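*Asks:* Sequence:
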Amino acid sequence: RWTIDQDRIYVAGISSGGGATANLGATYPDLFAAIAVHSGAEYGYPLPFAGEQAQARDAMAPLGEAEAFSGEVEEIAAIPPGPDPIRQGEKAFHAMGSFARAVPTIVFHGTADHVSDPINGDQVTQQWITTNHLASPGDFTAAFEHPSSTTEHPAGPDGERPYTVDTWQDAHGRDVVTYYKV
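Taking this note's numbering as reference, the numbering of the sequence shown is continuous, increasing by one, and the terminal residue is 169.
A few of these clues could be false.
Pair by pair, the computed Cβ-Cβ distance ranges are [unchecked claim]:
#, residue 1, residue 2, range
1, Y(-3), V152, 15 to 21 Å
2, E77, Q(-7), 27 to 33 Å
3, G146, Q(-7), 37 to 43 Å
4, S135, T98, 18 to 24 Å
5, T137, I(-4), 26 to 32 Å
Bear in mind the hints are in silico, worked out from the structure with no lab data behind them.
In this text, all values refer to a predicted model and were calculated from it rather than measured experimentally.
Even for Gly, the Cβ is constructed at its ideal location relative to N, Cα and C.
The task is simple: from the sequences and hints, build the whole structure.
*Replies:* Listed below in structure tokens is the structure:
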């Protein structure tokens, strides 16, 4: 039932590792079959605490353990919103060079994430829709605003959180980008 590319690697990352995963998918599409970005950022995102982000880090006092786990700290986003995802998608496509191809991508992000700004989920999804369109313009003509399908999952009786799954497919009906928004 599943088609597994045995000649390539599947890579997943969370938070800064999610951003690194986006970078790997763009710079080594010949090595990575598909990518999964969980609470991360788009290709080429300037990692937090580097350059312009250093001032934000220096101004932030360390949290005590009780404060960190209290759920009361809501304004910290160690991974703030990234740059324009369309432009980053173009940059990712150029990074692919002669190996350019659509890289199947799955994104997971929470709408109440206090570490990676929730907009990053939308941005990494938009970036990969753009990159994959440029890499496969005849087969993948998706737009972020118009997923091929959307499925709403309500909260469960045992505290399960509600989530939405948006999927963008290519001209052959294959899932290319899937976005789980929790």
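*Asks:* All hints, please: hold or fail.
*Replies:* So, going through the hints one by one against the coordinates:
For Y(-3) and V152, the hinted distance range of 15 to 21 Å is satisfied, since their beta carbons lie about 19 Å from each other. Under the hint 27 to 33 Å, the C-beta atoms of E77 and Q(-7), about 31 Å apart, fit the expected range. For the pair G146 and Q(-7), the supplied restraint of 37 to 43 Å holds, since their beta-carbon distance comes to about 39 Å. Between S135 and T98 the beta carbon distance is about 22 Å. The supplied range of 18 to 24 Å therefore holds.
Separated by about 30 Å at the C-beta atoms, T137 and I(-4) satisfy the suggested range of 26 to 32 Å.
Hint compliance for this structure: every hint is met.
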